[in-house]
Structure formats: structure tokens, C-alpha cells
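There are 2 protein chains.
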Amino acid sequence: MLHNDLLLRALQGEPVGRPPVWMMRQAGRFLPSYQRLREKYDFFTRCQTPELVAEITCLPVDELGVDAAILFSDILVVLQAMGVEVHMQEGRGPWLPHPVERPADVDRIHIPDVHATLGYVFQGITATLEKLNQRVPLIGFAGAPWTLLCYLIEGKGSTGFEKARAFCYHYPEAAHHLLEKLTHTTIAYLQEQVKAGVHCVQVFDSWAGWLGPEGFQLFALPYLQQIATALSPCCPVILFPKGATFGLSALADSGARAIGIDWTVSPAQARALVGHGITLQGNLDPAILLTDVNTIRRHTLRMMEQFGIRHYIANLGHGILPQTPVAYARAFVQTVQQYTPAQQLSTKS
Amino acid sequence: MLHNDLLLRALQGEPVGRPPVWMMRQAGRFLPSYQRLREKYDFFTRCQTPELVAEITCLPVDELGVDAAILFSDILVVLQAMGVEVHMQEGRGPWLPHPVERPADVDRIHIPDVHATLGYVFQGITATLEKLNQRVPLIGFAGAPWTLLCYLIEGKGSTGFEKARAFCYHYPEAAHHLLEKLTHTTIAYLQEQVKAGVHCVQVFDSWAGWLGPEGFQLFALPYLQQIATALSPCCPVILFPKGATFGLSALADSGARAIGIDWTVSPAQARALVGHGITLQGNLDPAILLTDVNTIRRHTLRMMEQFGIRHYIANLGHGILPQTPVAYARAFVQTVQQYTPAQQLSTKS
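Chains as they are written, first to last, in my numbering: chain R, 1 to 349; chain A, 1 to 349.
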């Protein structure tokens with residue numbers, strides 16, 4: 001049915017003529033068209049209005065021709081559904097006025113009926129699928145339990161989320177109890193996204209790297225595994241454990257179809273860590289998109305040569321930076337889409 | 001001459017009864033005695049007054065009994081000496097009103113006469129050595145060229161220093177020119193510190209991890225190597241490339257006597273990467289010092305068992321956090337100092 005199913009074929013490890021390409025945070029601040037909507041509607045209005053979700057999600061498909069759409073939403077809507085007050089301060093990030101500070105605070109985090117509390121997300125998916133009209137697949141997503149815990153405990157963004165790490169080491173039992181609640185909710189939430197029609201899901205463990213190998217093993221890995229196990233029978237799962245090169249090999253056996261990697265690991269090392277049966281996604285340093293078209297092309301081509309064409313989804317190593325010029329983002333996308341692998345050429349000749 | 005030369009013996013790889021211990025940022029905000037001085041004198045007055053430098057540097061030796069002192073100063077004083085305006089906003093970090101934005105801006109960064117411009121640091125070393133009175137070694141330090149470039153270009157702290165990364169990829173020639181100036185100055189600065197009497201030096205490449213393996217190879221490694229090569233004949237050199245696990249093996253051959261590691265790499269993996277001829281320093285997650293005495297002891301003991309007693313300096317994986325209770329920092333230091341390795345016990349019995 002899909003006109004462009006490159007992403008799904010890459011996730012299944014099927015042969016492709018070139019890798020699919022999309023960009024994390026592509027439905028976001030770097031687009032002037034998004035900025036205009038941002039001036040009119042506040043953050044949660046944008047997330048909660050199905051028509052706006054559909055419009056924003058489709059912007060990068062319309063304007064850049066990426067090979068996949070990712071639903072416009074935020075990882076913290078799950079915390080709101082769990083009874084937590086979350087504010088989004090434009091340009092300054094999230095603020096949770098009542099963070100989890102003590103084990104007793106975990107009791108006030110409840111497992112919600114996701115259909116009742118997050119219905120607007122599923123309606124947004126329906127509206128988006130209609131607007132996409134089978135052009136490209138739609139990726140659903142959620143934050144990983146550890147990353148959600150980071151915000152729950154810090155109450156805001158942080159350069160290292162040390163309060164969250166300290167909480168886990170100080171109160172491991174309460175931390176696991178909280179992570180279980182988050183996992184349970186996330187699984188139900190992603191399953192409902194699949195029912196609503198997303199073609200695959202990505203789990204963002206944006207702060208996994210801060211845990212270190214031992215902390216990752218304890219407080220991130222088991223929950224990522226549970227999510228991958230529960231969702232894999234429904235749809236392809238992409239796990240993105242940012243900064244956690246030490247966790248890649250363990251995640252390769254989680255049931256996920258793909259692992260996202262950032263630019264602090266080389267394609268060759270990542271491949272060595274995960275083996276050959278799984279798709280890798282990434283990993284251009286988003287700062288490259290602040291340079292110039294030639295530099296972007298050169299780095300993108302080298303990246304693709306290092307990953308190889310199969311079992312690979314071209315992307316950035318983290319979200320696109322807000323100050324990225326649209327023309328430079330387009331140069332990245334087009335470089336991938338115009339790529340003709342040397343190997344393929346020589347096979348043809 | 002030194003009453004406690006454990007640090008120097010560990011740096012030389014000589015046998016020790018137990019590892020030495022100190023903490024990055026130990027002469028800093030977590031100490032109420034430092035906070036009192038902070039209320040009286042602004043940041044650069046504290047850095048530029050030899051008596052205050054001596055007093056602050058000795059605080060953790062007096063109050064916690066650490067096995068080494070590290071000079072109280074800041075990595076950005078070098079930029080001031082190079083003609084850059086640097087302000088320190090209490091509680092908010094550095095601010096450089098005229099950051100480097102274009103290649104032409106590199107011309108206004110000049111190589112200074114370090115003796116004339118940073119004389120107060122060397123006087124601070126003299127005053128500190130007198131006050132230390134041979135109790136423990138004094139560690140001198142500087143920021144690595146890449147980390148200094150980060151501040152020069154961003155103009156302030158950042159969660160990822162993407163402007164600095166983009167500058168390097170966009171203007172590699174200007175970036176290398178700037179890094180050369182910084183390296184030249186840093187070498188002269190550290191050599192003068194050694195002449196003034198420091199027993200060893202540490203180079204902080206706090207933002208090395210943000211470069212990724214390829215960027216590190218280009219914009220950090222060559223300059224760390226130059227510094228290690230120039231300083232190693234004068235005194236032992238410790239390199240701390242925070243976040244750059246991918247750079248550890250290359251640094252093992254730099255001539256440095258020790259490599260500092262953060263908590264995102266396990267002691268076993270770090271040892272495998274650097275080999276057996278070099279000392280490792282680190283790597284307790286500073287967030288552990290926010291938990292409780294038992295947790296601190298347990299994690300510290302496990303860390304020491306993993307590193308082994310020789311070729312090892314106990315430390316945190318990054319600077320001690322400002323909110324760390326003094327009693328908890330002391331528990332960390334004492335756990336190391338009271339450590340009796342199981343192996344040594346069994347040899348004695």
C-alpha cells in the first residue's frame with residue numbers, strides 16, 4: 001500500500017536500492033513553517049490537537065521529502081497521563097513543579113488507562129495517516145523508562161541528571177518500582193499507537209549514556225528489553241540508547257529490529273558490537289548540518305560508505321539542531337537519496 | 001621529602017600499600033569553608049591572590065585528608081592571558097562576551113608571555129607549597145586545547161558544544177590554527193607550573209567526548225599528544241579525556257603517565273584499552289556521593305577491586321558535585337585509605 005516503504009524494508013533487512021533517511025526532531029524548530037505554528041499555539045495545544053499533529057508531522061515530508069514521518073508529540077505526555085504536572089517553557093524545556101524526591105513520591109505516580117488519557121495521540125495518528133496518504137511510513141515513539149525517570153526526578157532538563165542517578169543508587173527498590181510503572185505504561189501506550197496505525201515505533205533513551213555500563217545494566221536495559229519483547233510481535237521496534245555504546249551489544253538480542261546510534265561510536269564499531277542480523281540507524285553529528293553543503297555531502301557520503309547499504313537507516317546521531325538552515329537539512333536528505341553505492345555500480349557494469 | 005608520596009609512586013607504577021585518593025574539584029563548592037571565602041571574594045580575586053589560592057588548595061587536605069592537593073584555579077585563566085575577556089557568573093558559569101565566530105577572529109587570540117600574564121598562578125603555587133609543607137604532592141593543571149576552544153567559540157557552557165564542533169568541521173584550517181596557539185600556550189603554562197614546583201600536571205579535556213572518534217582524532221588527540229610529549233620529561237602527566245572512551249587506547253602511547261576515566265567505561269574495559277604500562281585514575285560516578293555512607297563504601301570498594309591496587313589512583317569520574325555532603329566525600333576518601341586488598345591479606349597470612 002505504501003508508495004515508499006524503504007524504511008520498513010530496511011527494518012526487515014530486505015535489499016534496498018539505497019538506505020532510507022529521516023531525521024530525529026525533523027518535525028520541529030528548525031522549520032520556519034513549524035515556527036509559525038509555534039507562535040499561534042502553545043506546546044501542548046500543538047500536541048493535543050489531531051489536526052495540528054497531522055500538519056506538523058507532515059511538514060518535513062512535504063518540505064524535505066524524507067522517507068519516513070515521525071509523529072509530532074513529546075515523550076513527557078506519558079508522565080502527564082500518569083498524573084504528573086508537566087509544563088513546557090518555550091525555548092527553555094520542560095518543567096515539573098513536583099518532582100519525585102523520595103520513595104513515597106513514587107506512590108503518587110499511577111498507571112493510567114492510556115486510551116482515556118492519551119486518546120488525542122491516537123486521534124493524531126489517525127489524522128496524520130490520512131494526511132500522509134500512504135506516501136511514507138509513520139513512526140510512533142515513546143521515551144524509555146530511564147529517560148522518563150530522569151525528568152520525573154530532576155524536574156527539568158539537566159547536563160547530567162545526577163539527581164536521577166543518585167536516586168537509583170540510593171533507593172534502588174523505589175527506582176525499580178517506578179521504572180516498572182513507566183514500562184507498563186509505555187508498553188500499553190506503544191501498543192495503542194500500533195493499533196492506531198503507526199508502522200513502527202522508536203524508543204528514545206536519550207539519557208542512557210549517563211548511567212555508565214553498570215547503571216545501564218541495572219536501570220535501563222531490563223526495561224528496554226521488556227518493551228522490545230512486548231512490541232516486537234506487533235511492529236518493528238527501534239531502540240535509541242543515546243551515549244550508551246557500552247549497551248549496544250546487549251540490546252542486539254532484545255528483539256528490536258534496529259538500534260539507533262549517536263556519533264560517538266563509529267559505524268564499524270557499532271556493527272561489530274551488534275552483529276549482522278540487526279539494522280543500525282544514525283549517526284551523523286547534527287553539528288555537521290551547521291557547516292556548508294559540501295561538508296555535509298562529504299561527511300554524509302563517508303558515513304554511508306562506512307555503514308553499507310543494507311540493514312541501515314540514515315539519520316543524525318541526535319535530534320536536528322534548531323538553528324539548522326533548512327537548505328542544509330535538505331542537502332543531507334538529498335545526499336542520501338541520490339546515493340549510488342560504488343559496489344552496486346560495479347555489479348551493474 | 002614528601003611525607004605522603006603515594007600519588008607519585010602510583011604515577012610511576014611503583015608498588016603501593018593502597019591506592020592514593022583525591023577528587024576532581026575537591027577545592028570547591030561542596031566545602032562550606034570554601035563557600036565562606038566565596039562570599040567574601042569574587043572568583044578571579046580568589047584565583048589571582050596567592051594567599052587565597054594556597055588557603056583554598058589546602059582546604060581538602062586539611063579537612064578530608066586527601067593524598068594530593070590540586071591547585072585552585074580555573075582552566076579559563078589561560079584564555080584571559082591570551083587576550084580574551086572572560087567573566088565568571090557565580091552559580092551560572094563562565095561568560096565570554098566576544099566569542100570566536102569566524103576564522104578572522106582567531107587572529108585576535110595571541111600567544112602570551114605566560115610568566116608575565118599568569119605570574120599570579122606561579123606565585124599561588126609557591127604560597128601553596130609553603131602551606132602544604134611537604135604533606136602531599138601538588139597537582140598543577142590546564143584545560144586541553146579542544147576544551148578551551150569549546151568555550152572560546154560557544155562563549156559559555158553548553159550541553160554539547162555544537163557550535164564548537166561545527167566551527168571545526170566548517171573551518172578546519174582556522175580551528176587547527178587556534179588549537180596550535182592554545183597548545184603552544186598550554187605547554188609554556190604547564191612548564192612554568194612545573195618550574196614553580198608542582199609535582200605533576202593534569203590536562204582536563206572535559207568535552208573530548210562530544211567530538212566522537214573521528215573528531216577526537218582530528219581536533220583533540222594531536223594536541224594532547226604534543227602536550228604530553230613536551231611535559232613528560234619535566235614531570236608525570238595525567239590526561240583526562242572525559243567521555244572519550246574511544247580515545248583511550250591512542251592516549252596510552254602519548255607519553256602520559258596516567259589517564260583519567262569517567263564512569264561510562266568499566267575499569268576492566270579501560271585497562272584493556274590502555275594496556276598494563278600506564279596508571280588509570282577514576283572513576284566513581286560523582287552521583288554516588290549523593291546517596292548514603294553504606295552505598296558509597298560498597299561502590300568504592302567494588303571499584304577498587306576492579307581496578308586493582310597498582311597503577312591506580314582513586315578518584316571520581318568527574319568533578320565532585322556542589323551539593324555533596326562533606327561527610328559523604330569523607331566516607332569516599334576514608335574507604336580508599338582504609339582499604340586492605342584481599343590479595344595482600346592472603347599474602348600476609
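Simulated from the structure, these hints should not be mistaken for laboratory data. Predicted, not measured: the structure shown is a model, and the values here were computed from it. Treat the hints with care, since some could be wrong.
The list treats identical chains as interchangeable, and a pair is accepted whether it falls inside one copy or across any two copies.
[Claimed, not checked] The calculated lysine to any residue pairs, modelled on SDA-like cross-linking and capped at a C-alpha distance of 20 Å, are:
id, residue 1, residue 2
1, K163, H199
2, K181, E154
3, K181, D105
4, K40, G65
5, K181, L8
6, K163, Q48
7, K195, Q337
8, K181, N133
9, K131, P325
10, K131, A252
How the hints compare with the structure:
For the homomeric pair K163 and H199, neither the shortest alpha-carbon distance inside one copy (36 Å) nor that between copies (35 Å) is at most 20 Å. In this assembly of identical chains, the alpha carbons of K181 and E154 lie at most 20 Å apart only when taken from the same copy (18 Å versus 40 Å across copies). For a Cα distance limit of 20 Å, the shortest separation of K181 from D105 inside one copy, 13 Å, qualifies, whereas the shortest one across copies, 52 Å, does not. With identical chains, the CA atoms of K40 and G65 are never at most 20 Å apart, being 25 Å at best within one copy and 59 Å at best between copies.
In this assembly of identical chains, the alpha carbons of K181 and L8 never lie at most 20 Å apart, being 30 Å within a copy and 50 Å across copies at closest. Proximity of K163 and Q48 under a CA criterion of 20 Å is satisfied in neither setting, with 30 Å inside one chain copy and 33 Å between copies. Taking CA atoms no more than 20 Å apart as the test, K195 paired with Q337 passes in neither setting, with 30 Å inside one copy and 58 Å between copies. In this assembly of identical chains, K181 and N133 lie within 20 Å of each other by CA distance neither inside one copy nor across copies; the values are 36 Å within and 56 Å between.
Taking identical chains as interchangeable, the C-alpha atoms of K131 and P325 are never at most 20 Å apart, the minima being 26 Å within one chain and 56 Å between chains. In this homomeric assembly, K131 and A252 never come within 20 Å of each other (Cα to Cα): the closest approach is 34 Å inside a single copy and 56 Å across copies.
The structure fails to meet hints 1, 4, 5, 6, 7, 8, 9 and 10 from the earlier list, while all remaining hints are met.
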